[in-house]
Amino acid sequence: MTVLAATEPLGRRLEAYLSNLWDGTVKVRELARIPGGASRETYRFDAEIGGVSRGLILRRDPTGSLIDTDRQVEFLAYKSFHGIVPVPEPLVLERQGGVLERPFFIMSRVDGGKVASVMMTEPYGARAGAIGKELFSILGRIARSDPHALPISGCFTAPALADCWREALDAWQAVIERDERHPQPIVRAAMRRLRRNPPRPAQKLSVVHGDYRSGNFLHDGQGRILAVLDWEMAHLGDPLEDLAWCFDPLWNHFDDGRVAGTIGEDEAIAIWERDSGLVVDRSALAWWKLFSAVKGCAIWTTSAKEFVEGGHDLVLGFAGTYTARRHDRIMADRLAQLVEEGWS
Amino acid sequence: MTPTASDLLTGCIKTLSAQVAPEDAGLFMTARMRTVALLNRLVALDCAQGASLRVAENAAIRALIAQAGPGHAALAQEAAAAGDGDYAIATLDAANAKLRRLLIDLHEKAERAGDGELDRKILKFYRDMAERRELVLPPVKPG
Chain A
1 MTVLAATEPL GRRLEAYLSN LWDGTVKVRE LARIPGGASR ETYRFDAEIG
51 GVSRGLILRR DPTGSLIDTD RQVEFLAYKS FHGIVPVPEP LVLERQGGVL
101 ERPFFIMSRV DGGKVASVMM TEPYGARAGA IGKELFSILG RIARSDPHAL
151 PISGCFTAPA LADCWREALD AWQAVIERDE RHPQPIVRAA MRRLRRNPPR
201 PAQKLSVVHG DYRSGNFLHD GQGRILAVLD WEMAHLGDPL EDLAWCFDPL
251 WNHFDDGRVA GTIGEDEAIA IWERDSGLVV DRSALAWWKL FSAVKGCAIW
301 TTSAKEFVEG GHDLVLGFAG TYTARRHDRI MADRLAQLVE EGWS
Chain B
1001 MTPTASDLLT GCIKTLSAQV APEDAGLFMT ARMRTVALLN RLVALDCAQG
1051 ASLRVAENAA IRALIAQAGP GHAALAQEAA AAGDGDYAIA TLDAANAKLR
1101 RLLIDLHEKA ERAGDGELDR KILKFYRDMA ERRELVLPPV KPG
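First to last, the protein sequences are chains A and B.
The first sequence lines up with residues 1 to 344 when you count with this note's numbering.
The second sequence lines up with residues 1001 to 1143 when you count with this note's numbering.
Everything labelled a hint here was simulated from the structure, so no lab data went into it.
Here a beta-carbon is modelled for each residue, glycine too, at the ideal position from N, C-alpha and C.
Keep in mind that the hints are not guaranteed to be accurate.
[As the list claims (entries may be wrong)] Okay, the calculated bits of chain A under chain B, using three or more residues with CB under 8 Å as the criterion: (1) 7–18; (2) 178–192.
[Unchecked claim] Straight-line distance between alpha carbons at most 20 Å, and here's what the computed PhoX-like set of lysine-lysine pairs gives: (3) Lys133(A) <-> Lys114(A); (4) Lys305(A) <-> Lys1014(B); (5) Lys114(A) <-> Lys1014(B).
Construct the complete structure from the given sequences, taking the supplied hints into account.
Pasting the structure below:
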C-alpha cells in the first residue's frame, strides 16, 4: 500500500488510502473538519470513484482526548445498530495509525440534518413533541436489542445483572481518582451514597450508548431523527443508565418541565417502556440519575486535566469549567433531595 | 479544580496563534472562535468574583468544621491553620484544597456516626457552594 508522508495534505493521503482500498482512482473533494466534540477529529468529504460521488465522514483519533475510547467500539456500535435505529453506515475501520498518523474510521454521511446545541433554548420548536417521541422510542429499541446477537458484544465481558451498577460506578470513580486536580467533596459524597443505596439488579443486559442525549443526534427540523451519533462510550450494562443520562438537567435546554428539551419525563418513560418491553423501576432510575451526575463529573474532571496538562483544546476547557460547575450544582441538589427522601 | 482564568486564556492564545490547516478553516474554525468567545466570558465571570468567592468559601468551611461539635476539634484546629495567606488566587486555592479535604473527612465521620443533623448541614453547604461556584451563561435563543 502507498502511504504518503505526513507532510502531504490530509486529502491526498486519504485519496491514496481509499484508492488502494477500493482498487480504483478515488478523488477526495470538499474535505472540511467539522465541530464534533473532543473525543475524535471529525471531517466531512466527498469521495468520487468511477464518476460516482458519495458523502462520507472521517473520524480520526485526536492527539489528546476527552476520554480514552476505542474506535473499534464506536465502529462496531454503528455496525450493530445500522438497520435497527437510524445511524450512519460504517464503512472502513483502520486501527493502525500509519496512513493518517492516527487510527480512524469512515462512515456514510447523513446530509440535511441539524444538531441542537445544549446552550440553546427550545431547539426543536414546535416539533419538540415529535422529536421526543422518536428519541425515546429509539432508546427503547436499543434497550430491547439482544446484545449477544450484535457485533459489538465481542468487545466486552458481559457484567452480571446485579453488578451493572457497581461496574459502572467503579469505572467512573477510578477516572475521578486518577484525574482529580482539586478535592471534590460533592462527588465524593455522591459516590459514597450510591454505594450505600444500590439499585435493584438490571432487568436485562443491553448495549448502553453511553452518551445518549440531546445534542448527539441529527434531526431534519421537521420532527424526524436522521441519525444517532457519538457511540464512543458504548458498553454493556443496565439500560436505565442511558435513560437517566438523557434525563439529566444538563441536557434539558434550560426547561425543567421537559427532558432533553422535548417531552415530559412520564411520557418519555411510557414510550421507552412500550418500545423496550421493560418496566422502569423509579427507585433504580433515581439511583442512575445521581450516577449520571457522577459520570458527568468524571468526564469534566478529565476534561479539565487534559485541557491544562494536554493540548489546551478549547472544548475541553469549556467542559472542564462551565459544564463541570453546572453539573456540580445538579449533583448537590439531587444528593440532598435523595437524602431527604430517605437514602441512608 | 476547574481550569483557572490563566489556564483558559492560555488556551485561547494557543488557539488563536496556531497555524490553521486548510481543512480546519470554515465551520470548524467558526465554532472554535465561538468557543474562544465563550471562554472569555467565563474568564470575565470568574475574575469578577475570583478572590472574594474563595475567601468566602474557605471561611465558610472553617466555620462549618468549627461548629461541628467537640468530637471534631482536631479537624477544626487543622482548618483554622489553613490560612488564606496573601490572598493570591494560588494561595487561596491551596488553602481551599486543604479545607475541602478536611470537609470530606468531616462528612465521612458524620455519616459513620449516623449524625443526621451534621450530614444535612453539610449537604446544604454543598448546595450553596455549588450555586456560588456556578458560572451562569445566558442561553442561546432560537433564530
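Going through the hints against the structure:
| no. | hint | verdict |
| --- | --- | --- |
| 1 | 7–18 | holds (count 3) |
| 2 | 178–192 | holds (count 9) |
| 3 | Lys133(A) <-> Lys114(A) | holds (18 Å) |
| 4 | Lys305(A) <-> Lys1014(B) | holds (17 Å) |
| 5 | Lys114(A) <-> Lys1014(B) | violated (30 Å) |
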